Each structure stands twice: as C-alpha cells, then as structure tokens.
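Student: Work the whole structure out from these sequences, hints included.
Chains A and B are the protein sequences, given in the same order. Residue numbers for the first sequence follow the working numbering, beginning at 10 and rising by one. Residue numbers for the second sequence follow the working numbering, beginning at 10 and rising by one.
Think of the hints as simulated: they come from the structure by calculation, not from any bench. Just so you know, these numbers come straight off a predicted model, no measurement behind them. Backbone N, C-alpha and C define an ideal beta-carbon position, used for all residues, glycine too. It cannot be assumed that every hint is accurate.
[To be verified] A short, non-exhaustive set of chain A residues, derived as facing chain B with CB atoms under 7 Å: (1) 73; (2) 76; (3) 82; (4) 141; (5) 144; (6) 149; (7) 150; (8) 193; (9) 194; (10) 196; (11) 217; (12) 317; (13) 321; (14) 376; (15) 378.
[What the hints assert, rightly or not] Label pairs and their calculated CB-CB ranges: (16) A:385 / B:389: 43 to 51 Å; (17) B:401 / A:320: 42 to 50 Å; (18) A:256 / B:258: 32 to 40 Å; (19) B:85 / A:187: 31 to 39 Å; (20) A:454 / B:278: 50 to 58 Å.
[What the hints assert, rightly or not] Reference listing, derived: stretches of chain B covered by chain A, where coverage requires no fewer than 3 residues with Cβ under 8 Å from a Cβ of chain A: (21) 193-199; (22) 220-227; (23) 358-369.
Number of protein chains: 2
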Amino acid sequence: MSLRQELTLELIGDPTRPVFIDLAESLIREIQRGRLRPGQILPGTRALSRTLGLHRNTVDAAYHELVMQGWLVSRASRGTFVAEDLPSAIRTDLAPLPHTGRHSRPSRRLESVLTITDGTPDPRLMPRVELARAFRTVMTSSQFLSRGSYSDSQGASALRDALAEEFLNARGLSVSADNILITHGSQMGLFLAASAILSPGDGIAVENPGYPFAWASFRSGGARVVGVPVDHEGLDVDCLAQTLRNDPGIRAVYVTPHHQYPTTVTLGAGRRLKLLELARQHDLLIIEDDYDHDYRFDSAPVLPLAARAAADQRLIHIGSLSKLTIPALRLGYVIAPPDILKRMIEMREAIDRQGDVPLEQAMALMIRNGVLGRHARKARRIYVERRDFLLRKVREKLGDAVTFSAPAGGLAVWMKINPCIDGEDWRISAKKNGLYIENGNSFFIESKNDASYLRFGYAHLDIGEIEKAVCILSRYETRFG
Amino acid sequence: MSLRQELTLELIGDPTRPVFIDLAESLIREIQRGRLRPGQILPGTRALSRTLGLHRNTVDAAYHELVMQGWLVSRASRGTFVAEDLPSAIRTDLAPLPHTGRHSRPSRRLESVLTITDGTPDPRLMPRVELARAFRTVMTSSQFLSRGSYSDSQGASALRDALAEEFLNARGLSVSADNILITHGSQMGLFLAASAILSPGDGIAVENPGYPFAWASFRSGGARVVGVPVDHEGLDVDCLAQTLRNDPGIRAVYVTPHHQYPTTVTLGAGRRLKLLELARQHDLLIIEDDYDHDYRFDSAPVLPLAARAAADQRLIHIGSLSKLTIPALRLGYVIAPPDILKRMIEMREAIDRQGDVPLEQAMALMIRNGVLGRHARKARRIYVERRDFLLRKVREKLGDAVTFSAPAGGLAVWMKINPCIDGEDWRISAKKNGLYIENGNSFFIESKNDASYLRFGYAHLDIGEIEKAVCILSRYETRFG
Numbered sequence: 010m011s012l013r014q015e016l017t018l019e020l021i022g023d024p025t026r027p028v029f030i031d032l033a034e035s036l037i038r039e040i041q042r043g044r045l046r047p048g049q050i051l052p053g054t055r056a057l058s059r060t061l062g063l064h065r066n067t068v069d070a071a072y073h074e075l076v077m078q079g080w081l082v083s084r085a086s087r088g089t090f091v092a093e094d095l096p097s098a099i100r101t102d103l104a105p106l107p108h109t110g111r112h113s114r115p116s117r118r119l120e121s122v123l124t125i126t127d128g129t130p131d132p133r134l135m136p137r138v139e140l141a142r143a144f145r146t147v148m149t150s151s152q153f154l155s156r157g158s159y160s161d162s163q164g165a166s167a168l169r170d171a172l173a174e175e176f177l178n179a180r181g182l183s184v185s186a187d188n189i190l191i192t193h194g195s196q197m198g199l200f201l202a203a204s205a206i207l208s209p210g211d212g213i214a215v216e217n218p219g220y221p222f223a224w225a226s227f228r229s230g231g232a233r234v235v236g237v238p239v240d241h242e243g244l245d246v247d248c249l250a251q252t253l254r255n256d257p258g259i260r261a262v263y264v265t266p267h268h269q270y271p272t273t274v275t276l277g278a279g280r281r282l283k284l285l286e287l288a289r290q291h292d293l294l295i296i297e298d299d300y301d302h303d304y305r306f307d308s309a310p311v312l313p314l315a316a317r318a319a320a321d322q323r324l325i326h327i328g329s330l331s332k333l334t335i336p337a338l339r340l341g342y343v344i345a346p347p348d349i350l351k352r353m354i355e356m357r358e359a360i361d362r363q364g365d366v367p368l369e370q371a372m373a374l375m376i377r378n379g380v381l382g383r384h385a386r387k388a389r390r391i392y393v394e395r396r397d398f399l400l401r402k403v404r405e406k407l408g409d410a411v412t413f414s415a416p417a418g419g420l421a422v423w424m425k426i427n428p429c430i431d432g433e434d435w436r437i438s439a440k441k442n443g444l445y446i447e448n449g450n451s452f453f454i455e456s457k458n459d460a461s462y463l464r465f466g467y468a469h470l471d472i473g474e475i476e477k478a479v480c481i482l483s484r485y486e487t488r489f490g
Numbered sequence: 010m011s012l013r014q015e016l017t018l019e020l021i022g023d024p025t026r027p028v029f030i031d032l033a034e035s036l037i038r039e040i041q042r043g044r045l046r047p048g049q050i051l052p053g054t055r056a057l058s059r060t061l062g063l064h065r066n067t068v069d070a071a072y073h074e075l076v077m078q079g080w081l082v083s084r085a086s087r088g089t090f091v092a093e094d095l096p097s098a099i100r101t102d103l104a105p106l107p108h109t110g111r112h113s114r115p116s117r118r119l120e121s122v123l124t125i126t127d128g129t130p131d132p133r134l135m136p137r138v139e140l141a142r143a144f145r146t147v148m149t150s151s152q153f154l155s156r157g158s159y160s161d162s163q164g165a166s167a168l169r170d171a172l173a174e175e176f177l178n179a180r181g182l183s184v185s186a187d188n189i190l191i192t193h194g195s196q197m198g199l200f201l202a203a204s205a206i207l208s209p210g211d212g213i214a215v216e217n218p219g220y221p222f223a224w225a226s227f228r229s230g231g232a233r234v235v236g237v238p239v240d241h242e243g244l245d246v247d248c249l250a251q252t253l254r255n256d257p258g259i260r261a262v263y264v265t266p267h268h269q270y271p272t273t274v275t276l277g278a279g280r281r282l283k284l285l286e287l288a289r290q291h292d293l294l295i296i297e298d299d300y301d302h303d304y305r306f307d308s309a310p311v312l313p314l315a316a317r318a319a320a321d322q323r324l325i326h327i328g329s330l331s332k333l334t335i336p337a338l339r340l341g342y343v344i345a346p347p348d349i350l351k352r353m354i355e356m357r358e359a360i361d362r363q364g365d366v367p368l369e370q371a372m373a374l375m376i377r378n379g380v381l382g383r384h385a386r387k388a389r390r391i392y393v394e395r396r397d398f399l400l401r402k403v404r405e406k407l408g409d410a411v412t413f414s415a416p417a418g419g420l421a422v423w424m425k426i427n428p429c430i431d432g433e434d435w436r437i438s439a440k441k442n443g444l445y446i447e448n449g450n451s452f453f454i455e456s457k458n459d460a461s462y463l464r465f466g467y468a469h470l471d472i473g474e475i476e477k478a479v480c481i482l483s484r485y486e487t488r489f490g
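Tutor: Written as structure tokens, this is what we have:
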C-alpha cells in the first residue's frame, strides 16, 4: 500500500491543544502502533490536508514538528518519510489504539511547562518566518558566497552600519560602524569588557541587588565584585563615592541605568550627572548595560549615559538584540573608546574568532527592511497590555502577599514577598502545581538563599498564561493569608 | 508610470559574469541614472522574467543580491522596492547610460578577488538552501517556541545526540551527549580548554610550526607557549620528552595529529603510542585538535588519539563543523573528562551564556536527515580532484619554485618556497595581479617574518580559479626561474 496519495487518519481530537499538535500526536500514535513504518513515505501536505479536511498550513506545521522531533525525515524534492532510526520499542505489528494520545518517549513530549523567567521576550511574537527568509536570502546571495571564509572579528559590516544609523536616530548616539563591535550576545560584551579593562585583583563596583551573570563575567577574570546599594532611583551614587574612598583598587563601575536589573527602576537624572562626574574624578570606567532599551512603556526611553557623556568620558556601552528576538539568538553589541575596543576585538579573536556572519547579515536585513522595527512596536503594545493585566491580577489575587511598584518599562516586575511567607516554600509549591520560577535568590551579593524577592518576568506569557500563573501563586497564598 | 507589471531593461551583457549578476548590475545602473527612483516598486520576479525572457530563478537571484547589497528592499507580501536610503550621489534625473556597468560605491561592488586561504571549504558547494530550510523548520516548530528562552549552555541536546551517534560510527569514539560541549567554533573549544586547565605561567607544548590561533588562545590566559619541532611524521615526540625534562612547568600538549597544521602530515602510529605514554608519565593533558577529520582522501581517516586513549587518559578532543559548512557558521564541539568539561561549561556561561540554539538544532537536522553526510561525500570527491589538479599545475608551471609532498587529506598543500625567491616579494607581486595570499608568515613561533613557506588552501577554488592562481604565481616565478 502506498501512502503517497492518501492516508486516512483518526484524529485524537483533544480540544485543549492546537489542531496541528493533535495531528502530530495522531501521526505518532500511528507510528507507535506500527501502521506507519520506518522509511515509509507520507502523503504530501496538500493531499493529506484534502483527505482530513484541514488547512494545509496545519498539516505543514504538524510535519515540521515531527521532523524536529525526529519522528519524520524530510528529503528535498522527494517527500516526507517516517524516520528509519526510531527506537526498537516501536511495534512493527498493528497494535490497538492506545487510550491516550501521549506517547512514551519522555524527551519527545509536547508539553509546555508554565515558567516565570527573569524577563524574556515571547518567542511566539517574533517574526520567525521573516528571519528565516532573511537567513535564506543571505545564504543564497552571491555576496555571501564570495565571503564564506573567515571574516571580520568585529562583526558583519552590514549589521554595524545598520546599528550605527539606528543608534543615531533612536538613542542620540553618534557613532560610526568603526566604533561598534558585534558580540555573541550582550554576555560576551560583558566578558570582553572585563578582560579589556580589569586585571586580577582589581575591583569593580556593581549594583546590589544586581545582575549575577555580569558578576560571573567579572569574577572569571579574577576581578573583585564590590556591591553598592540600590534604591527607588537606582544606584546610590553617594554610597558609591564612599566605597571609592575606602577601596582605591576599584577601577570600574557596572550599571543598568535604563531599567535597573533586577529592580526595574530608572536611574534618576541628578544621579546620572553625579555618576559621570564621579567617574571622571576617580578615573573610573563606566560599563553601561542597556539590556532592554526598546521596552519603554510609560514615557519616551531615557537616553543612555553614553549619549550624555563627554567625548573623553571612559564608557563602554553594551546592548542586546536578543530581547528583540529570542535569547537563543545570541546577538549583542558594544560601543567603546577605540583603545578599549581594539583590546576587546583581539580578545574576541582568541575566544571564537568571529560571529556567525549569516545570522549577523540576516539581522541587518531585518533592520533595513523595517521588520525588526515593526516587531518592536507591536511587541511594546502587547507587553504593556500584559504588564497591566499582570499588575491587576496580582492586586486582585495575591493581596498583600507581595508589594511592588509598576515598572515604567522592561519585561519584568520586581516584587517583595511578604515576610510572613516562606519564599522558597512558595516556589516549591508552585512547581508542584506546574509553575516553574527561574532564578530569584541570587540577585544579592551577600545573601546565600534570600528568597524574599521575586522578579516576575511576564512578557513571554499571554493573558491566559499570566492568569493561570497568578492563580497558581494565589492558591498557596490563601493557605497563609 | 508604474513598474509593477513591466520593466524593459537593456542588459549590460557581460559574458564573463553569471546572468543574474549582469541583471543586478543593469538594475544598479538604472538606479544610478535615476530611472528607478528610491521607494519605487519593482515588477514581481515572474513578470520581469517574462519581460526579459530570463528564467525566474535568475531574476530572483538578482533581486536577492541587490537586497543584500542594500540597493533594494523586500517587504513581506508587498513586493520589492528601490531602497529609500541610497546615497545622495545618485542622480534623480535621467542620466545617459554610463560606458561601463561598474558602479561607483566601493563597498557595494560585485568583485571577487582570488584568494589563497590557509585551507577553507568552498561555500558554493555547501547545501545552503537545505540549511536555510532546516533553520526555517526549527524557527517555526512549536518545540522551539516553548524553548525560546535561555537554555542549556552545554549546547542543544538534539545536536549533542546526533554527534554522539556520528562519533561512534565514524570515529570509534564511544561518548554520550553528556560528554559533549557544543562551542562557538573550535576556536572557543581551544579557549575554554586553556582556561580550564592552564593557570598564568603554566607551559603548554605546541607543534612548531603550528596553529597561531591556538597559541593566541593559550596566551590570552597567561600561559607560556613552548614550541616542539615537527617533521615528516608530525610532532617529534622525542624532542617533546626532552622539553618536558627541561621545563617542569609544562602542563599540557596541543597536537593536530590527523593532518598537522600547517604541514598536513599525519602523526605516525608509533609516535601516537609514545605520546599517550609520555603524557601519562608526566601527568600531561593532551589537547587533540581534529579540525578537518572529514577530509581524508588517500586512505580511511586515521582514528583520533581520543579513540585510542585509555579511559583514564587526560585528553580533550576538539573538532569543528565549520569545515563541513563554512567558517562563518561557528559550530564546534569538545569531548573532555567530566571534571574538565564542567569547568569549561562554567566558563562558557561567563563568556556568552550559550550558543545559537536554532542554528545548533538546524545542524542536528542536517545530520539526522543525511544532508550533511551526503555533502561531505560530495565535497571529498570534488576536493580530491582539485588537489590533484593543483599538484599537476604546480609541477607544470612553478617548476622548482616550490617543493612539497602530496597531502593525504585536508584542504591545503604545504609548500616550501625555493630559497632563491623572496617569498614576501612574491606575495606582493601576486596581490598586484589579483591574487591575495592570506597568512603565510606566522606558522613559526620564533620567526618574525619567515615567508619561505606557503600553505596553499585550494579547496575553496574551482579548477579554473586554481589554474588562474597558479598562473599568476608562475608569472613571478619566470622572472627568476
């Protein structure tokens, strides 16, 4: 029997799941019971969609899913086949339909666990098809062919050009492509900055609470991380001044002025000027991490320190494109004085030689053709709705279990957990109910296990998921409230 | 006048270039003389191909090229437009057709310079469309959507699984996905290895001549690079033994046993055993760089040291997928003992947190569906032809200007330049004639400017280009010969 043209199939018909996942599960069931055999060809998506009365895109999506999971194999211009390398557990005789559509290979399950991250974008909103198209355009261009070899460790010039223009228009940063280094995520920017300016034993002042991944970068080169308190206006610059007097070994200060990580507050205007002045007096280098510049909701984005700094100020500005796409696409950038940038580029060469040029060029294309800008505007609209919905729900359902201030931007809300509640226990209880809370107890330098704060990253959750997450949290709270 | 439907165009008609480049140049000419104006819509590829009597793919390729170069902008579901941001030099009135099709913006020229690299694959052979398709499959899979957040800094498990299987089948390496770390190119593997096992001041023995990018990695962490001579059987292990006796600070040895870099020789069987034994005696860690394992032409690939080492041997095996694709896609891997691997993963997290998951998963798909394997077999067939052609041409045209041994594999031939010839001058003369020779004088630790060797990377050049390159080299030679 050839299945090339027609395959009749009984769908599992689970209404809680998208149709394409239902179809994917149904196909897995047929493979498991041996009706579809390893190596067998499947009908084309057009034929199967006709047979089943589904939209062709649905069938397409199901096939994609199964190729990704390894159940099916797609061969160019030949068709889609059942994979040959399926595990021996699969029956080769026709078994009866199992009671449940869930299959048995744990690593290939279609489940999605509800997660509170520390503030990540929603990959479902991302212009994925457009990015895939841009990648294809780059891969098939003749320009790319002539440059398939190793190239500039500073990053694709197309992307540096596009960013330089963006920076001037949107952030008041007058830089040229020569002043920009493309990095493998903003994390690499932090690592390179540390290795360019800090020697073992040097101190670097950081916000406390702050961003532990930055501290890890600084420490990996042997630097000492020195915490400075943060209040409702961001880094306490007077405390920084005091710290500098006590510790002459401090060479640099690391700040997140736009939306302080993790508290989300914006560094006050007066403090900005004081910080720049203080850095100048103490010959201190400023590392400015502008990690979610694009997500400002309640006012125009505040210009970065880099836009306000004088030409001779020693400042490294670090940013990310991953928050506009997905964290799993590692694209960041650095703007730095020429001597520092040169050292960073040399270090970058020693670490991994260069970035993924096709990905860098595809992103340049996405900036140039306006797709990324449109996406940013759309994402802002959606995230502000989600933020407002979250705040409303938290007020409604969590009562005085948490206190917080509404953030003016960013992808997370910083909440203080009521001291009567054992934060760690709350987390464990949430996990049992299907809500996994990432991070949470490592924002403070000194605390070993301080679970009394929650950075609630909401942007990757839709309205329904936010409601469900808050509901799970509230179930615990009522036990204590 | 709307161009949406029809655009008549006089092609430049340069027979030395592919038709799509000719079409692209013709469109640029029309933009430059102002006939096509910024923001104007272009006809669809189907319409234009009909009007011009060209294949639609040709028009497609020309549009892609111009989008990449920034002349055109493609807007999803709306069409292709002349870019708005063209430089002011472009006329807005109709200028006469220029005499030459070459346009004036140096950064956007379509020229391809003939280059001798140090041994890189041919990006034209790479299954680019299949990779773009795999990337799209990953980007649009629901599995990806649920994992768009930060993930495993050890690398996508799909890719580690696929590699573990490959390694067992093709290299006799019995490893599981847990033993593998995916890196951003093999360069990152070298950097991480150095930072995991070497402290400032520690020595690492390396082949001399050898791979300068590895030395840069080792030195960036403060290690001392100690050269050990290489002969026709690879690293001189007796010399290494002597060096170890004289320098007790040496902690590790870095080798390229399969095709020694740069000389291309294979480490002899006896030396392999001796090296393993010596490492065991001196508690020396071996870093094995198997950078072009897949390109063996004259015999079966020699199994790596890692396959021969005992379970307790301290060995880090480093490899690359970039030689199977293009260097600009940074994908490498590391196999190491658990304690070392753990330190490397921690360091990786500090450097850039994780890899590009979509790219890693796309590559896993390419391994699983057999595309990468087929590509490797095809590339081997083509490269062995190119190698043989190169050796014949060099013998014919360069006479005794260079001496060499035919390499059993790899993407380059190691040539010694006749002492009567000034290598540096030869390079300069070649460059004037359109042949750019990358690298060449930094393979030796001690030499400042030793231009007496040439590592002739030929694989990225087709037969015609190899002939042209040798011809340019021979023109100089005859002046002296």
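Student: Each hint should be assessed against the structure and marked as holding or not.
Tutor: Hints and how they fare:
no. : hint                      : result
1   : 73                        : 5 Å, holds
2   : 76                        : 6 Å, holds
3   : 82                        : 5 Å, holds
4   : 141                       : 4 Å, holds
5   : 144                       : 5 Å, holds
6   : 149                       : 6 Å, holds
7   : 150                       : 4 Å, holds
8   : 193                       : 4 Å, holds
9   : 194                       : 5 Å, holds
10  : 196                       : 4 Å, holds
11  : 217                       : 19 Å, violated
12  : 317                       : 27 Å, violated
13  : 321                       : 29 Å, violated
14  : 376                       : 11 Å, violated
15  : 378                       : 5 Å, holds
16  : A:385 / B:389: 43 to 51 Å : 45 Å, holds
17  : B:401 / A:320: 42 to 50 Å : 59 Å, violated
18  : A:256 / B:258: 32 to 40 Å : 34 Å, holds
19  : B:85 / A:187: 31 to 39 Å  : 32 Å, holds
20  : A:454 / B:278: 50 to 58 Å : 55 Å, holds
21  : 193-199                   : holds (count 4)
22  : 220-227                   : holds (count 3)
23  : 358-369                   : holds (count 11)
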